[in-house]
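A.B. asks: The chain contents come next:
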Amino acid sequence: MTRYLLLLGFISAGLLSTGCARKTLSEPAPKAGAYGSALVESSGGKQVAAVGTILPQPVVVQVNDQQGNAVPGAPVAFSGPAGVTLDPVSGVTDSSGQFATNVSLGEMAGRYQITAKTVNKAQKRVELKLEEIALGYQQVLGWQLNDQYCDRCHNSESTPERVSNYDNLEVKPHPFGEGGTLNKMGDSELTAIINHGGPALNKSPLMPPYGYTLSKTEIQALISYIRAISDPPYKTPGLVYAKN
Amino acid sequence: MGLTSKFVSFWQQLFGDSVRAFGTVSLVLLISLAIAPAKNHFSEWRHYQKQYLKMIRGRGEAVTLQRHFQGDIQQVWLPELGVVDRCTTCHVGLKEASLVDVSTQPFRKHPVIPHSLDQFGCVMCHRGQGPATTVQEAHRSTLAWEQPVLPAKYIESSCGQCHRWELTGTPTLNEGRHLLTANGCVHCHTVKLPDGTTMKATDDPPSLSHIADKTSREWIFAWLKDPKAYAATATMPNFKFNDDEARDISAFLIANSTPVTGDTVGLNAKAAPDPSAGASLYGESFCASCHAVQNTAGNLVGGNVGPELTRVGSKVKPTWLQAWLRNPDTYDPETAMPHYRFNDQQVVTLAGFLQAKSDSDLLANVHLDPSTPEQIAHGKHLVTDYGCASCHEISGIKKPENFAPDLSRIGSKAVNQLIFSQGMPHTLPDYIAGKIRDPRASSPGLKMPQYTFSPAQIDSLTTALLSLNERSHSLPPALTVAGTPDSNYQPAGKAGKLMRDLACFSCHRINGHGGDMAPDLSWEGSSVQRQWLIDFLKNPNTLRPALIRRMPRFNLTDAEINELTDYIMTVYQSPAVDRDSMPLTGFSPTQVEQGRQLFYSKYACQSCHIVDPKNDKGYIGPTLTQVGSRLSSAWVYHWMKNPQALRPGTTDPNRNMSDDDARALTAFLMNQKGSAEAKKK
Numbered sequence: 037m038t039r040y041l042l043l044l045g046f047i048s049a050g051l052l053s054t055g056c057a058r059k060t061l062s063e064p065a066p067k068a069g070a071y072g073s074a075l076v077e078s079s080g081g082k083q084v085a086a087v088g089t090i091l092p093q094p095v096v097v098q099v100n101d102q103q104g105n106a107v108p109g110a111p112v113a114f115s116g117p118a119g120v121t122l123d124p125v126s127g128v129t130d131s132s133g134q135f136a137t138n139v140s141l142g143e144m145a146g147r148y149q150i151t152a153k154t155v156n157k158a159q160k161r162v163e164l165k166l167e168e169i170a171l172g173y174q175q176v177l178g179w180q181l182n183d184q185y186c187d188r189c190h191n192s193e194s195t196p197e198r199v200s201n202y203d204n205l206e207v208k209p210h211p212f213g214e215g216g217t218l219n220k221m222g223d224s225e226l227t228a229i230i231n232h233g234g235p236a237l238n239k240s241p242l243m244p245p246y247g248y249t250l251s252k253t254e255i256q257a258l259i260s261y262i263r264a265i266s267d268p269p270y271k272t273p274g275l276v277y278a279k280n
Numbered sequence: 061m062g063l064t065s066k067f068v069s070f071w072q073q074l075f076g077d078s079v080r081a082f083g084t085v086s087l088v089l090l091i092s093l094a095i096a097p098a099k100n101h102f103s104e105w106r107h108y109q110k111q112y113l114k115m116i117r118g119r120g121e122a123v124t125l126q127r128h129f130q131g132d133i134q135q136v137w138l139p140e141l142g143v144v145d146r147c148t149t150c151h152v153g154l155k156e157a158s159l160v161d162v163s164t165q166p167f168r169k170h171p172v173i174p175h176s177l178d179q180f181g182c183v184m185c186h187r188g189q190g191p192a193t194t195v196q197e198a199h200r201s202t203l204a205w206e207q208p209v210l211p212a213k214y215i216e217s218s219c220g221q222c223h224r225w226e227l228t229g230t231p232t233l234n235e236g237r238h239l240l241t242a243n244g245c246v247h248c249h250t251v252k253l254p255d256g257t258t259m260k261a262t263d264d265p266p267s268l269s270h271i272a273d274k275t276s277r278e279w280i281f282a283w284l285k286d287p288k289a290y291a292a293t294a295t296m297p298n299f300k301f302n303d304d305e306a307r308d309i310s311a312f313l314i315a316n317s318t319p320v321t322g323d324t325v326g327l328n329a330k331a332a333p334d335p336s337a338g339a340s341l342y343g344e345s346f347c348a349s350c351h352a353v354q355n356t357a358g359n360l361v362g363g364n365v366g367p368e369l370t371r372v373g374s375k376v377k378p379t380w381l382q383a384w385l386r387n388p389d390t391y392d393p394e395t396a397m398p399h400y401r402f403n404d405q406q407v408v409t410l411a412g413f414l415q416a417k418s419d420s421d422l423l424a425n426v427h428l429d430p431s432t433p434e435q436i437a438h439g440k441h442l443v444t445d446y447g448c449a450s451c452h453e454i455s456g457i458k459k460p461e462n463f464a465p466d467l468s469r470i471g472s473k474a475v476n477q478l479i480f481s482q483g484m485p486h487t488l489p490d491y492i493a494g495k496i497r498d499p500r501a502s503s504p505g506l507k508m509p510q511y512t513f514s515p516a517q518i519d520s521l522t523t524a525l526l527s528l529n530e531r532s533h534s535l536p537p538a539l540t541v542a543g544t545p546d547s548n549y550q551p552a553g554k555a556g557k558l559m560r561d562l563a564c565f566s567c568h569r570i571n572g573h574g575g576d577m578a579p580d581l582s583w584e585g586s587s588v589q590r591q592w593l594i595d596f597l598k599n600p601n602t603l604r605p606a607l608i609r610r611m612p613r614f615n616l617t618d619a620e621i622n623e624l625t626d627y628i629m630t631v632y633q634s635p636a637v638d639r640d641s642m643p644l645t646g647f648s649p650t651q652v653e654q655g656r657q658l659f660y661s662k663y664a665c666q667s668c669h670i671v672d673p674k675n676d677k678g679y680i681g682p683t684l685t686q687v688g689s690r691l692s693s694a695w696v697y698h699w700m701k702n703p704q705a706l707r708p709g710t711t712d713p714n715r716n717m718s719d720d721d722a723r724a725l726t727a728f729l730m731n732q733k734g735s736a737e738a739k740k741k
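Residue numbers (the working numbering), protein chains in the order written: chain A, 37 to 280; chain B, 61 to 741.
Hints listed in this document are in silico derivations from the structure and should not be mistaken for laboratory results. The beta carbon of each residue, even a glycine, is placed where N, CA and C say it ideally should be. There's no promise every hint is true.
Simulated DEER-style distance windows between Cβ atoms [said to hold, decoys possible]:
#1 B:LEU253 to A:ASP123: 32 to 42 Å
#2 B:PHE480 to A:ALA118: 19 to 29 Å
#3 A:ALA74 to B:SER267: 25 to 35 Å
#4 B:ALA292 to A:THR195: 17 to 27 Å
#5 A:SER115 to B:GLY456: 52 to 62 Å
#6 B:ASP255 to A:PRO268: 41 to 51 Å
#7 A:ALA118 to B:GLY456: 51 to 61 Å
#8 B:ASN716 to A:SER194: 41 to 51 Å
#9 B:PRO515 to A:THR195: 44 to 54 Å
#10 B:VAL195 to A:TYR270: 51 to 61 Å
#11 B:GLU344 to A:HIS232: 40 to 50 Å
Which stretches of chain B does chain A cover? Using the computed rule of at least three CB atoms under 8 Å from a CB of chain A, they are [claimed, not checked]:
#12 225–238
#13 511–520
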């Protein structure tokens, strides 16, 4: 018995010491007096990735002082729900007052809240919450199909490699993240407009029909993706069961 | 009382007479009989089932759920797949649609997938121990079992066991497979695929047999030390050679190089007097369709078919560059670069422009003394030792066979056969990812070079490798979904030779062979009109306003253009479209007008296409202002009826059009001949 206890002691001591060693190695110490009063998002919020995978871009936050100037050398720590990995978890802001971490989302589809923290002069905690979205298989399929068929009209962002068609359309489509509009449409309405085009819902024919191009499964996948990324989040209408 | 007498009296108490003996034996029997049910009663899975029942009691659909619930151990048994999965014993609600809102495991509904649980079970995709009935044994590698549950980030590897080809819903797997071939991993590592073929690398490392014609020893030295310092896009990994090693390898490669006749002939012509002529020529020739250059902001602009040219002036010898631009086939008959028919002044102008793309820092600190025979010999030794000839042709050195471990079944490698580096979790995925991230971590003597993959790329590669496992090799063929590997189609005759000279296949695909940057030309002869093709080859213009990569102008002679046009028009025909079945002109004005209305109102084609450049703005599809001079009417008609039948995968949606609508639209489109002046241009 004592042998086991001893062993356990050694193991935990070892774990602790490696943990500490790593900390001192990878984390520069905060600069004395480097305190901010606000945390703002620089980039990386509202990203979408398949469950368990790393987000395409790192999450970058910036520590600002009261005047809104960036504070280099301020401590920042990230945390997230179970299953989320953050690399690195904590550190200090760089010369431009920013700190970045690579985020892998958990194993279940859904939304993950990442929290960034720093402390202000009064040693009070300052927090910033960011939301990221993990997609399951069906939603990943929809994501890919959206990229192939829909995105160039429904997304106004344009790159030289992929010029958006949004500005060319007389009637503007909604980006799929716009929950304010899309959440009001039921699954049957979405299915109808994707299958038969705009006129199916008395909307513009600039929205083409895809019922003879995409399969039923593919259209379901698109809807599932649209629901997954909507902001504010889409709430499934409760299932209705026959009373016994 | 001694110990013996104590024992004797105890014995007497239990078995002193027959009644006592009977009672005791019965008691022991009862207890031992009770052990199994008690174990069962207190087992983990029963605990979960009880929790489940408690959870559903509070729900609106409790009755339905209760009716679906089956107690005891549940099992999916699929003998032909070797699946015995008892996971559903605890994961009770996997098929209950109403449990989507439940996030506590093991009760969550399974997310939607294209396969049914009853047909595939669980471990086919998730790995783990199907027959186990405790959390530990099922999920982690306890006991002597090797197979823990697969982390979600690698789950697409399981799709890859059956699906041998690109699949829309599995971007990670697709990317991993692409990286394996595009980064040349399979030059050194053999990967035999379950269908019997061998994975082939798609990068094209240059031959080093004539390298002294092309570049200097100093450049080779700098490149060997760090390929990324020369080009951010370099796919050659870093072998971490020290200065002496780089010195000796460069000495050997220069000494071993033999000249190629005609590949270093300088020209007497003078560059164009206008200093911007080189840049213009580079732009007009659409070099950027294939080659990238880093701009001042540090972003790469251009394609990746050919090498990056940001610092090419620090690499190539001026006479070699001129000869290369005149005709690259002289130096490399297999090159993906087209043979532009530049005149001498153009060659000198373009070469001068490229030569100016140099970086004085790159070779500033490289000072090499003339090489010694020992250095050359040592260099040869290193070249052999590091397997350089696995990727590069090097005269006098044979391509090594099985230079690196075979990866055909790496996804089933037993953990006890792996050497983990310190701090690495002892699982196969962690091992593979760790090996790619830091190949020499477990021992500095290892030879695998260092790549610079992003964490996401490492996950993709690991996913692709995990799909290469025992199961993928032993699946019943009926379950596998085969791909369509590249054909080795080659066009015949004089035109075929011309097409290879122009490297058409670097960008275009024909009959299953070639690149995917430009349209597939397999049926081009059914699709276009002869005169349009002639004009296009003379002076290519882009059909899509939003496209930045374009077809270059090759400065072909009339005879060459005729040769190509004849071949394309006669050979690249679709069996489904008879080009001559419909006239190109002579549609009635009513039909044209009917087509116009269909185009703008019912089908709203202007959302993607431009017919009238003043009012239409659609950017996604090709511009149709001159479509009546470009396409055959039969092709247009069939396209209206079913675009995917003519070009699989096109995003132009199938509108399920009536014959009348298709005919009217064809009439309207064939009426778009373009203005006379636009045609002249």
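A.B. asks: So, for every hint listed, does it hold in this structure?
C.D. replies: Here's how the hints hold up against the structure:
Checked against the given bound of 32 to 42 Å, the beta carbons of LEU253 of chain B and ASP123 of chain A, roughly 33 Å apart, stay inside it. For PHE480 of chain B paired with ALA118 of chain A, a C-beta distance near 26 Å keeps the hint of 19 to 29 Å intact. Taken as a hint, the range 25 to 35 Å is violated for the pair ALA74 of chain A and SER267 of chain B, whose Cβ atoms sit roughly 59 Å apart. Our hint of 17 to 27 Å for ALA292 of chain B and THR195 of chain A holds, since their Cβ atoms are close to 19 Å apart.
Between SER115 of chain A and GLY456 of chain B the CB atoms are about 59 Å apart, so this pair conforms to the stated range of 52 to 62 Å. The given range of 41 to 51 Å is respected by ASP255 of chain B and PRO268 of chain A, whose C-beta atoms sit roughly 48 Å from each other. As the Cβ distance of ALA118 of chain A to GLY456 of chain B is approximately 59 Å, the hint placing it in 51 to 61 Å holds. Our hint of 41 to 51 Å for ASN716 of chain B and SER194 of chain A is violated, since their Cβ atoms are close to 31 Å apart.
Against the hinted window of 44 to 54 Å, the Cβ-Cβ separation of PRO515 of chain B and THR195 of chain A comes to about 23 Å, which falls outside the hint. A C-beta distance of roughly 33 Å is found between VAL195 of chain B and TYR270 of chain A, which places it outside the suggested range of 51 to 61 Å. The hinted window of 40 to 50 Å between GLU344 of chain B and HIS232 of chain A holds, with their beta carbons roughly 46 Å apart. Three residues within the 8 Å Cβ limit are the bar, and the segment 225–238 of chain B against chain A gives 5, so the coverage statement holds.
Evaluation of the coverage hint for the segment 511–520 of chain B: fulfilled, as 3 residues show C-beta separations to chain A shorter than 8 Å, against a requirement of three.
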